[in-house]
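The sequence shown begins at 0 in numbering that gives the first Met the number 0 and counts up by one.
A hint or two may mislead.
Using 20 Å as the maximum straight-line C-alpha spacing, the simulated EDC-like pairs for lysine to aspartate or glutamate come out as follows [said to hold, decoys possible]:
1) Lys261 / Glu247
2) Lys208 / Glu306
3) Lys586 / Asp430
4) Lys942 / Asp915
5) Lys654 / Asp617
6) Lys912 / Glu878
7) Lys654 / Asp818
8) Lys380 / Asp355
9) Lys942 / Glu989
10) Lys420 / Asp706
11) Lys261 / Asp303
12) Lys586 / Asp602
13) Lys799 / Asp707
14) Lys677 / Asp706
15) Lys261 / Asp355
16) Lys794 / Asp707
17) Lys261 / Glu305
18) Lys778 / Asp430
19) Lys208 / Asp355
20) Lys382 / Asp283
21) Lys799 / Asp818
22) Lys912 / Asp900
23) Lys794 / Asp624
24) Lys78 / Asp53
25) Lys794 / Asp915
26) Lys778 / Asp412
27) Lys935 / Asp915
28) Lys778 / Asp624
29) Lys563 / Glu580
30) Lys912 / Asp890
31) Lys420 / Glu397
32) Lys874 / Glu849
33) Lys935 / Asp924
34) Lys777 / Asp624
35) Lys208 / Glu387
36) Lys874 / Glu884
37) Lys874 / Glu699
38) Lys874 / Asp915
No lab work stands behind these hints, which were simulated from the structure alone.
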Amino acid sequence: MKNKIVNCFFILTGLFFINPGATAFDGRNYMAVNITDHADNMTLQFQIKSNQIDGQLFLLPISGNSSYLSIQIKSGYLKALWIIHDESLGLNSMELNNGVLISNHQPHIVNLYRLGENFILQVDSFLSHSQHLLAPFNRYSIHGIAYIGGTPSEIQTRFNLTQNFIGCMHNITFSQNNANLFVKEKVIIGNLSQLSCQNQDIQLAYLSKSQSSIQFMEQIYNQSAEYNLTFVFRASYSQQTQLLYITETQSMHMLRLFINNKVIFVDVSNFAPLPAVINRDIFDGYWHHLSVILNRTHCRVILDNEETTLTSLQPIDNQNKTQNRTVTIQFHGCIQQLTWNGQLQHFNRSNYSLTDVQLNICGAQDYCLPFYPCQHGGECKNKYNTFECNCSPTNHYEGTRCQQYRYQQSCYDIFRLQESKADGWYNIDPDGPNGLLQPFPTFCSRSDLTITTIRHQFGTNPYNVPQNNSIGPGARVIDITYQDGIGIQLQNISISQITALINNSNTCGQVLNYFCSRSVLLNYPHQPYVWWVSRHGQAMNSWSGAPIGSRKCACGTVDSCINKTKVCNCDANRQTWASDEGTLTSKAHLPVTQVHVGYQSNDIQRQSLIQLGSLTCDGQAPPSDIITLTSNRHGIALNRQQLSDGHIRISFKGKSVYGILLFLQALSIRVVLTVSPKQVNLTYDLGQGHGQQQLSVAAEGYNLYNDDNWHQIRFSLSLSGSWLSVDQATSFEKKGVTSTIHQLIRFDLSGILSIGYNSAMNMDGFTGCLGDFFIGLKKYSLQQYIGNTIVNSCKIPCFKTPCQHFSVCQGNYSSFYCDCSSTQYIGPVCSHIRGAQFSNGNGIRYTNSEFNPSDNRIFLSFWTNLSHIDILNLKLSIENSPQSELILAIDNSRILLVVNDSNIILNELNRVKYNDQQRHDVLIDLERNLISVDGKEVQDVVKLSLHNNITIQLGDGNNGLGGLCLNNVSILGLRLLDLAYQSPKSQNIEFIPNQSRHEVKEAICINGQILPTTTSTTLTKSTTHFTNKIPSTTKIPSTNKPISKASNAAPTTSSKQSTTSSSQQIFTSGLGTGSVPFVNTIGTALTGSQQSMTIGIVAGVVSFILVVIIIVVLYWYYVLRPKKEKSIELTHMDKEIIENTDQPDQIVGSTSDQSNHVSKRQSQSITKITPRNSNCYDNDNDNLDVNNLCNDHLEEINLMDGDTLEKHEQHDDSVQPNRSDD
């Protein structure tokens, strides 16, 4: 049988009552079993009934030399002891206890098994703490001869084991196999069948109250005074109690044992000394042996191994006397194995008088052992139904279990945690319980600010600087000693202690004033005569009220000194008194450790006073160990922890505060800490039958938790009470149910504690900044987890100013987006000039009857692949005057200009074709009567009268226009596209849909392709994983899953979605023949499964049907092939922007449809990178829909700390419009 120790643990299967078939052990018999099988999981289960306080139950051999697992009863409790002898590691031992008293003559069921690498000992329904097995214990298995109920004497001596077991056991199973059937070769030493487990003589009793008693009386005649009394007892705590009282009626002999404050006093009449004292604590939860032996000359009292002897002052003579002897035992606790003059007594006999005594049970509960509940050296005392911890004033802890550190780190913490505290003297410990610095006294005050004050030897009084030994720059050195306390009990405070306070505080200051009469101070630009020294020993050449290193006083920074040519008032060196005053506020240099003062000469008129104030500090410094969680689908899993309580502290900060902050799942405990803008919730189940509990702290007023300020959460979980505190203003406390089962005072927190997202919870993880994480009194470093989606420091991506052209950056710690609405630019970072995509006859019309031109020029840039299109139609009219009209078009791939119904011949411009999908810049100057295309000019061709009634149309309405992209459009000073896509929409703008009801889309015009953009203001929270690097191809895969909530805006999710129908997007004019490929790089190749299928078909056919197969494959490829998700090919400028980042762009968002295009156009023009499923087909006729081309919205960018986003100038002439005339 293979029984690895690492695979052992306990489980409760139910309460067992011993039956007559139980196996009895008398201390001499035992069973030996040869364990030869090896199972992967070892479980040990047995039932037991005994009143023996010490006994060897099992000795299980562990593979290795002299290594074993011993299960035994020790002082009434069950204990498992591992002893490993390893040649390389030497002797190693590990012990596991359970706090249930097992020596109470009651039936118990015991289980041992593992959970992971943890052992738990369970007696009845009570668990031990979880013991995590470390090397070398987790490497060994059970193998060899196992002993049950005892061991041979030589083994007992060799391993220093306790005595063999006396009592009853049965249903002993190893790995679900009964021990009696376990192996064929079992050896039984002694006769197991001769003993009975049904002993009716009661030898165990429970005295349930402090006044409970057991009394018996015997009549003696003509007997000596000698007697011998022994018993084993276990006492519950009582300040003062009588343990034993023996009297005789005739001789007036009396023996009394009583306890006072844990000291046993022995008082025997006519014996000395009186009283004898045994200074032994019997309230330690263990069984104790007491013997009282009295004869004519001596009285011996033996408690365990400690003995006191009293001597008789005169011999006792009871001869020829008949009298009654009464023995009274009185205390609160348990008693067993009572013998009187060598005879075992039974409490159910008729000569016994019992008061408040329960037989055959031991109900005395020890609340201190073995799971000592008092921590940090606290003294545990048993009460009647609970325990009490005496936290000695000599240590630094307090609380019900001495678990709480007595000192706070500053006055700010004192008043934050206890608002009722008054101003006064308090001890603080800035470096905390784990630091090397001692606590020290300070004065705490509270008005608008919470002030921690540290004084020095001069107090606040000015120091008069004598001239003696003060001639020359800094000749007199004034050392500053900081000390604080009440009255004469002053305590020096070291600079290290003060530095710790400064580091913990938000602000610190120290007044430093110099009063002078003919005494210079800084003496700039010459050598100063007065200066102060920082805590680092650095001479500071600037005075209070002026910046460090400025070599000025306060007046010098605002040019208000008495002498305008000086930097200090005192440097005027006048006969009258002057002063330079101010407060030093540099935390990096405080406190002042020395002041150097000197006079220029020995002149009686030279005088000065130095006034140095106390150091005052306020508030709490921001966290120092800071990280940022940038993904709500990633978190931190801390190593397995085992804690005695759940006191945790952490700080958080964010703009979009929502989700799981902490999660713990232990053996029977579940703790979830969640945050939202208005509330912090702590939900927990401590596994003690009380069910799920919840504590909540709500934000006060308008100060929500998503205000991008630091907030501190503290909570503590214990069975005596749990509380949650957020910041200083709000704290809730919830009392737990006090249990009478002392095992429950300690509960197991040995699970995995995670910060942020946890897959066990169906909700997002927290995104934002976290700082200074404490479990108990130990600080855990968060920065060790930096990497991937966890970044250093606490800065939002907007800190790096990624948005270009003065656009507004918005977002939180997980993402950002650029608001381009106030600029002429669009794109993920507002890097591309705004354009529009026209298709199948849609257009934009502008009308204004009161138009006032601000410019006489028309310029625009266009891209197309069509041979015949209308680009611009401009009509100007005035009442009672002929209409002026200008048309710009492409005719037969050449530029066509029509002015007032006259075609203008442009031979110089039409030597090239303009339907090449490249950018072409057009300038029409009405004042100079010229047209310029791509820099080539034709003079005297444009003669047009300007009028106030104007109609401008881009595109040609419902005339079957194919593919066209325009940007940088300016008509007589009117930025038409900016006006068309502004929010709110201008009443002068009309969008003309095509026959498919598709309107003109805002787009990015790029050579060879068009990237449509959205105008939605929706900020979508990411729920996908971050990666370290964006792929070098810079293609962003599309998705059709709208994942999470939009913030503060209507969703832009389309009601329809269409799919890409070919591997290459074709930009055509009415789908006519001779169309030219326009926008590609969006398509993809066959998937691997499709290629395999195609190859298999081709390989399986014969040559005579090859032609047929080719036709089928082509039909499938162009008509039936499943459409893959497409990706957006970023421009080279977007590639530069993204590739310069250390972290990838996060892709989230939702699809857009023409049905909500108008509402989107009315919203702000905010661009975010978010791919969407392409809608490149007309849903109505399954034809290629150019209007829906590349319907991948550019939405949210997710970057991490360390990204470098540089602004890129528009330098590519093939992409950017000619800005010379813009």
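Now the hints, each set against the structure:
no. : hint            : result
1   : Lys261 / Glu247 : violated, 28 Å
2   : Lys208 / Glu306 : violated, 28 Å
3   : Lys586 / Asp430 : holds, 16 Å
4   : Lys942 / Asp915 : violated, 29 Å
5   : Lys654 / Asp617 : violated, 26 Å
6   : Lys912 / Glu878 : violated, 40 Å
7   : Lys654 / Asp818 : holds, 18 Å
8   : Lys380 / Asp355 : violated, 23 Å
9   : Lys942 / Glu989 : violated, 28 Å
10  : Lys420 / Asp706 : violated, 29 Å
11  : Lys261 / Asp303 : holds, 15 Å
12  : Lys586 / Asp602 : violated, 37 Å
13  : Lys799 / Asp707 : holds, 17 Å
14  : Lys677 / Asp706 : holds, 10 Å
15  : Lys261 / Asp355 : violated, 23 Å
16  : Lys794 / Asp707 : holds, 11 Å
17  : Lys261 / Glu305 : holds, 15 Å
18  : Lys778 / Asp430 : holds, 11 Å
19  : Lys208 / Asp355 : holds, 7 Å
20  : Lys382 / Asp283 : holds, 12 Å
21  : Lys799 / Asp818 : holds, 15 Å
22  : Lys912 / Asp900 : violated, 23 Å
23  : Lys794 / Asp624 : holds, 14 Å
24  : Lys78 / Asp53   : holds, 10 Å
25  : Lys794 / Asp915 : violated, 46 Å
26  : Lys778 / Asp412 : holds, 17 Å
27  : Lys935 / Asp915 : holds, 17 Å
28  : Lys778 / Asp624 : holds, 10 Å
29  : Lys563 / Glu580 : holds, 17 Å
30  : Lys912 / Asp890 : holds, 10 Å
31  : Lys420 / Glu397 : holds, 17 Å
32  : Lys874 / Glu849 : holds, 13 Å
33  : Lys935 / Asp924 : holds, 13 Å
34  : Lys777 / Asp624 : holds, 13 Å
35  : Lys208 / Glu387 : holds, 18 Å
36  : Lys874 / Glu884 : holds, 4 Å
37  : Lys874 / Glu699 : violated, 61 Å
38  : Lys874 / Asp915 : violated, 29 Å
Hint check: violations occur at hints 1, 2, 4, 5, 6, 8, 9, 10, 12, 15, 22, 25, 37 and 38; the rest are consistent with the structure.
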